[in-house]
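Asker: With the hints as your guide, set chain B onto chain A.
So the chains spell out like this:
2 protein chains.
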Amino acid sequence: MKMDARCTYCLLSRVHYEAQLSTNDTELIHKTMLAGIDVLKETYKPGVPAGVVSTAIHRKAYEVLNDEDPYFELRQLSNRIAEKVYPYAHSLVHDGDPTDEEMFRRAVLASVIGNFFDFGIMGFDVGEDVFDETFAEIFRTGLDVDDTSEMFGMLDDVVYVVDNCGEIILDTLVFDIIRKVGGKITLVVRGAPMLTDVTMENVRELELDKKVDRVLTTGSNAVGVCFEEAPAEFIDALGKASLIISKGMANYETMSERNFGPIAYLLRTKCEAVAEDMGLEMGYSVAKLVR
Amino acid sequence: MKMDARCTYCLLSRVHYEAQLSTNDTELIHKTMLAGIDVLKETYKPGVPAGVVSTAIHRKAYEVLNDEDPYFELRQLSNRIAEKVYPYAHSLVHDGDPTDEEMFRRAVLASVIGNFFDFGIMGFDVGEDVFDETFAEIFRTGLDVDDTSEMFGMLDDVVYVVDNCGEIILDTLVFDIIRKVGGKITLVVRGAPMLTDVTMENVRELELDKKVDRVLTTGSNAVGVCFEEAPAEFIDALGKASLIISKGMANYETMSERNFGPIAYLLRTKCEAVAEDMGLEMGYSVAKLVR
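These protein sequence lines map, in sequence, to chains A and B.
Letter by letter, the first sequence follows residues 2 to 292 in our numbering.
Letter by letter, the second sequence follows residues 2 to 292 in our numbering.
Treat the hints with care, since some could be wrong.
Remember, identical chains collapse to one label, so a pair may be satisfied in a single copy or spanning two.
[What the hints assert, rightly or not] The list that follows gives simulated cross-link-like pairs (lysine-lysine, BS3-like), each with its CA atoms no further than 25 Å apart:
| id | residue 1 | residue 2 |
| --- | --- | --- |
| 1 | K32 | K3 |
| 2 | K61 | K42 |
| 3 | K46 | K271 |
| 4 | K181 | K211 |
| 5 | K85 | K271 |
| 6 | K61 | K32 |
| 7 | K3 | K42 |
| 8 | K181 | K85 |
| 9 | K185 | K211 |
Keep in mind that the hints were calculated from the coordinates and are not lab data.
Quantities reported herein were computed from a predicted structural model and do not represent experimental measurements.
Next up, chain A with everything else stripped away, as it sits in the complex (with noise of 0.2 Å):
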C-alpha cells in the first residue's frame, strides 16, 4: 500500500503518542516533534510506500526519545486486557458444538476483534472498560468480509504473521484449531520492539512456541515487513507456505506490496486510507483472501 495524504498527520500524532508515553519534558517532545516532521520531508512523497515512512519515523522518534520501547508496558496491559476476554472468547467460539469450519470462521472472527486493541492510533483508542462490550457487540455482528472458507481448505501449512499484543492470545483460538484440522503453524513476530507489536520477549512470557510448531522474526522493528531486513528463513516459509495469514494494517500495508500469496489478511480497518486501499468502508471485521 502507498502512503496516503491523511498517512502524514496520523504518523504526527502517533508520534506525539509515543512521545508522551516516553516522556514527560515538553522540550524533548517538542525535538521529537521537529524529528518527525523532518522524516516526513524526508521520505514522503507521492507513491512511496506507507510502510517506509512509518518505519523510518517510527525509528527516529524513539532515537531522539532515546527510548527502545515506549510501549513497554502498553504492551503488558495489552495481554492482562486479552487474558481476560479470553475465556469469554473461547466460549463464543466452542459454543454449542460448532463443525471445525464453523468454529475456524468464530476464532479468526475473534482474533480480528482482537486487532481492535491498538492503542495510539488517532480516534480507536480502546480503554480497558469497554472492551468486554466492544467484543460481544462485534461479535455478534460477525465478518464484514468473510473468505474463511476457502482459507479453511487451505491451512496444511500456515506462515501466521501477527500484529499486535493483546489480540495474540486471541490469536490462539484460530491456532488451536488449524492444529486440529492437522495444520502446521509458522508463527512470525517482530525481529525487535517496534509499537506495541509482539516480540520473541512476549512469545516467551505467553509460551507461545507451545501453541505453535515454529517461531520466526521479520528480522527487524520495521513497522510491519521490511522484506530488505527479512532473514532468509521467513522469506523461504511465506514461499512455501499453504497460506498467509497476515494480522491487522501494518502488515497489510507492507504485504501488500510484494506477490507473496495465497495471503489471507485478518484485520479490521480502523482508517480511512487503508479501507479505502482495501475498497472497504471503516470499521469493518475483514477476513480477505487474496490468491
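Answerer: Same frame as chain A, but now just chain B:
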C-alpha cells in the same frame, strides 16, 4: 498562546481537510500536504506563537491549491444552519422576562454555543442534523466559566472580534443586549477569507452593519489577529475599548500574545492545547474575563 506539539498534526489534518474541499486531484492534495510539512519545518520551534504557524500553513495551502477561499461554500452553509437555529436561540434568551443582565448571560451562552459551529477541526465536525439537539443540550448545561456579571458593567464601548460564519448569527443576540443597555459596538472581521471566518462580504450579505456602530477588519487573512498586519484604526479601537470581546480559539491564540484589555474570551474549548493554555478542560463553554 505558544504552539503546542499537538498543533503540528492538527494543522496538517486541517490542511488536508481544506485540500479536499478544494480539489479531487490526489497529486495536488499530496503537493499541498508536502507544502504544509515544509511550513512546519520552517516555522515550528518551541516558543513560537501558534498563530504564526497556523497563518503560514493555511496561506501556503491556499497558494498551492490556487484557491483563495476553499471554505466559501462551507461559510454559506454555516450561516444557513445558524439562521435555522436562531429563532429557537432567541426564544431561549428572552424567555420569561429576564433582567438585562440575565439576558446578556444567556445571549453570551448562545454565542459560545455558536462557536461549536466549526467545520474542519479534528474530531469536532458538527453536522447539520445534530446541531439543534447539541444546541439545546449545551444551553441547559450553561457556561462552565461565567464572568458575564462583571462583563455586564463594561459594555459602554465594546470591540467585538468575531470568529466563524454561523456563530456570527448568534453573536447578534449579544449585540442586541449591548445596544439595549446603551453600549456601542465596533465589529471586527477578517480582512480577507480564511477558513470559515467572517469577512466583509459576509457582513454585507447578512447586513451586520445595521446591528453595530462600526465595522473594522483585522487587515489581513491571518488566522486570528496578526498585529503586524492590523490597521491603526483597529489597534486604536482596542486601546480605547471599555471591553474587548474575542470570539473563538484562533482569536484567543493570537490576542493572548498581547496585553490589550480588559478582554473577555468567549469560546468552546475544542482542543486540548487551548484548554490547557487557559487552565481549563476540553469541551467547556467559556466566558472568561482577563483584566
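Asker: Each of the hints needs a verdict: does it hold here or not?
Answerer: Cross-check of the supplied hints:
Taking identical chains as interchangeable, the C-alpha atoms of K32 and K3 lie at most 25 Å apart only when they sit on different chains, with a minimum of 15 Å there against 27 Å within one chain. Taking the shortest Cα distances, K61 and K42 sit within 25 Å of each other both inside one copy (13 Å) and across copies (16 Å). With identical chains, the CA atoms of K46 and K271 are at most 25 Å apart within one copy only, with a shortest distance of 23 Å there and 32 Å across copies. Taking the closest pair of Cα atoms, K181 and K211 come within 25 Å of each other only inside a single copy of the chain (14 Å); across copies the shortest separation is 80 Å, beyond that limit.
In this assembly of identical chains, K85 and K271 lie within 25 Å of each other by CA distance solely inside one copy; the values are 23 Å within and 35 Å between copies. Proximity of K61 and K32 under a CA criterion of 25 Å is satisfied in both settings, with 11 Å inside one chain copy and 24 Å between copies. Taking CA atoms no more than 25 Å apart as the test, K3 paired with K42 passes in both settings, with 16 Å inside one copy and 23 Å between copies. Only within a single protomer do K181 and K85 lie at most 25 Å apart by alpha-carbon distance; the minimum there is 24 Å, versus 63 Å between protomers.
Proximity of K185 to K211 under the C-alpha cut-off of 25 Å is restricted to the intra-copy arrangement: shortest distance 12 Å within a copy versus 79 Å between copies.
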